[in-house]
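Q: Those sequence lines, one after another, are chains A and B.
The numbering of the first sequence is the working numbering, which starts it at 5 and goes up by one.
The numbering of the second sequence is the working numbering, which starts it at 5 and goes up by one.
Hints listed in this document are in silico derivations from the structure and should not be mistaken for laboratory results.
Be aware that one or more of the hints could be misleading.
Chain copies aren't distinguished; within one or between two, either way the pair holds.
[What the hints assert, rightly or not] In the SDA-like style, the derived pairs of lysine to any residue whose C-alpha atoms are separated by at most 25 Å in a straight line are:
# : residue 1 : residue 2
1 : K356      : G229
2 : K356      : M171
3 : K81       : G289
4 : K36       : V403
5 : K81       : V142
6 : K81       : R290
7 : K81       : P172
2 protein chains.
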Amino acid sequence: MRMVIAQGGGPTAVINESLAAAVRRARALGAKTVLGARNGIRGLAEDRLVDLTALDAAALDAVAATACSALGSTRDKPDAAYLERVAATLDRRGLDAMLYIGGNDTARTLALLAASAAAAGRTLACVHVPKTIDNDLVDSDLSPGWPSAARFVANAFAGLDMDMWAMPGIYVGVVMGRHAGWLTAAAALWRRGADDGPHLVYVPERPFAADRFADDVRAVAARLGRCVVAVSEGIAGADGKPAVQALVEQAGGELECDAHGNVQLTTSALGEALRGHLLASGIIGRVRADTLGFVQRAYAECRSPVDVDAARRVGTAAAEAAAAGHSGAVTIRADGASLSTGLVPLDRVAGKKRLMPEEFLAAERADVAPAFLEYALPLVGPPPPLAHLDMAADGTVHVA
Amino acid sequence: MRMVIAQGGGPTAVINESLAAAVRRARALGAKTVLGARNGIRGLAEDRLVDLTALDAAALDAVAATACSALGSTRDKPDAAYLERVAATLDRRGLDAMLYIGGNDTARTLALLAASAAAAGRTLACVHVPKTIDNDLVDSDLSPGWPSAARFVANAFAGLDMDMWAMPGIYVGVVMGRHAGWLTAAAALWRRGADDGPHLVYVPERPFAADRFADDVRAVAARLGRCVVAVSEGIAGADGKPAVQALVEQAGGELECDAHGNVQLTTSALGEALRGHLLASGIIGRVRADTLGFVQRAYAECRSPVDVDAARRVGTAAAEAAAAGHSGAVTIRADGASLSTGLVPLDRVAGKKRLMPEEFLAAERADVAPAFLEYALPLVGPPPPLAHLDMAADGTVHVA
Chain A
5 MRMVIAQGGG PTAVINESLA AAVRRARALG AKTVLGARNG IRGLAEDRLV DLTALDAAAL
65 DAVAATACSA LGSTRDKPDA AYLERVAATL DRRGLDAMLY IGGNDTARTL ALLAASAAAA
125 GRTLACVHVP KTIDNDLVDS DLSPGWPSAA RFVANAFAGL DMDMWAMPGI YVGVVMGRHA
185 GWLTAAAALW RRGADDGPHL VYVPERPFAA DRFADDVRAV AARLGRCVVA VSEGIAGADG
245 KPAVQALVEQ AGGELECDAH GNVQLTTSAL GEALRGHLLA SGIIGRVRAD TLGFVQRAYA
305 ECRSPVDVDA ARRVGTAAAE AAAAGHSGAV TIRADGASLS TGLVPLDRVA GKKRLMPEEF
365 LAAERADVAP AFLEYALPLV GPPPPLAHLD MAADGTVHVA
Chain B
5 MRMVIAQGGG PTAVINESLA AAVRRARALG AKTVLGARNG IRGLAEDRLV DLTALDAAAL
65 DAVAATACSA LGSTRDKPDA AYLERVAATL DRRGLDAMLY IGGNDTARTL ALLAASAAAA
125 GRTLACVHVP KTIDNDLVDS DLSPGWPSAA RFVANAFAGL DMDMWAMPGI YVGVVMGRHA
185 GWLTAAAALW RRGADDGPHL VYVPERPFAA DRFADDVRAV AARLGRCVVA VSEGIAGADG
245 KPAVQALVEQ AGGELECDAH GNVQLTTSAL GEALRGHLLA SGIIGRVRAD TLGFVQRAYA
305 ECRSPVDVDA ARRVGTAAAE AAAAGHSGAV TIRADGASLS TGLVPLDRVA GKKRLMPEEF
365 LAAERADVAP AFLEYALPLV GPPPPLAHLD MAADGTVHVA
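Just need the whole structure built from these sequences, with the hints factored in.
A: Right, dumping it as structure tokens:
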């Protein structure tokens, strides 16, 4: 086997565990060459490749432990001419296997490459290695990268809720997730008492109504003196219009759009619009909105042990599939924290999205359901210290 | 001794270490009563106190390990009538010592209380326990709470720089700090190579000029293909006008002000204004601005071991001072990671700010100087795994 491996899309805390595991397994299986492509498939189009065949084990371990794509990444969607440049590099280097670590867009790119190789009669095992903090890859129970990002979000909201408890106020935290609410839902993972926040969780799977939102916040704040809200960046109304667009239009403002006229979600606009809506709704007192932003996918020191295990397993399985000459998408199943991998056709994963199922969301409230916690808690690792100093009705103090 | 302890201002990751250490030491010194005031001095004004005299050691350890003020906090600045209500509670409970954990505003409140007790001929040892992520308490080499927040910011920017390296772009991260740049400066702590980000660091100690900023960013982006910027929320022009105000006015926008007409710094406005200014300056490509927000002071799982040590030492020293009947502000000195405490009059610390010294900032560039790194690195703990997969000119790969 002469293999190349690449990384696509956004980073995760464990993406390099998959890279290192695939390199280790390919070498153990006798691969003649193991190359890494710089910046995903773009490195193949531009012949920017690094030779990992003989990289020493300690260096590989150090790369594995580092957060964020060590080879660099891309979101390039290749057209026919681009694919020809890739094919030229594959031929020139004599490569017969490609592993591509990424999400559903990356899988689509790999499916295009596999189809073009097949049409040209080229022997090329194309294996997708799952990775995304969005947790939205189909045919898998988790997407490697999500448990660690989920842990970061859970840690963040546990602290934010204590912050708002200590000095009462209303806090709105915007979490990544354009289509699926998995990462936002993780904000609820370290809740223990009935009054712990986040008290409201808004995900894209449910239509968002601004007036209902303000009523929800008002009710929680009236009951507890504080309200902590977790919101997905991609929430939209029942009409499909992004919430940020509806809110900014309602407030008479203008919204930034990209070159294609699509509303920009990668700004702080949604958080500020939600904050403005609460203030305009007559909610008084401290109201803060933060957009967690890139730090939630790139933080250098927050890994779930199960996520590390998952990332290694999918890398190892991908190298084994490629060595056997198979193409496909590696999948991963979880029974609690016990993991196993599989391989499905690329088209089953490419471009598809797995949304949160109904049973993971509360029926009547903007919240997760207990089934989500049962699913997620085994995946994210043990909680951090979170002792509340509570006072009982009789004036005695106890720690919970 | 009959002691009450309270927490003021914003939270830190180690503020409860000071609380627990003070309680332990006061009990060991034979204190008859150790109470905790809910929500800082407000708990005294409203007689909301919890009895920590007999709280068991394991529960106290659990509280100590938890981030964010376990007793609750306040920013109340008491007037004469408020201080009378506090005095009434002190008398009713027979308290003769008060420890107040907080920053320079909290020290000022405590100084007011001490003066009013002295004027009334009441015996009350008033001891300030230093704490603030701003690192701006005078007569100390560090403020407990800052090393852990600094570690969070360093971890965040290390990942953000790798994120921007993997998929090139421009990133502006706004960090807490209205007057002092200590926390923003920490963004630079995990840099190793000359090209590592943050590439530009803007602190309130230096006047900010928007055009120079755009030129700086353009130059870095031209050289490296990316640019990572750390900015303090409190940066201001040479005329003292907040940068956010100048930028929003220049762009023809309107800025949110509080009830006193002061510009709101606790929104995402500065980051978005800096981003808008870069785009208006003709900088093209991906430009992202995030405001790190409350998570940087409240994250549940990022503590520096030296910070834990510092927080315990100041709590212990405060209990000892109070038991000896002394009032004052506990100070802390560092020789590398080796710490020692002292006690100075409250007025030396109350309301005063320690800015970054000239030698901690680069002379010509928007950056920290090596002396800052020498100061800070022993305080924040070991770096996380940060292995770069670099390619040498001869095509071989090496990990640094």
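Q: Against the structure, test the hints numbered earlier, and report the numbers of the ones violated in rising order.
A: Of the numbered hints given earlier, the structure breaks just one, which is hint 1.
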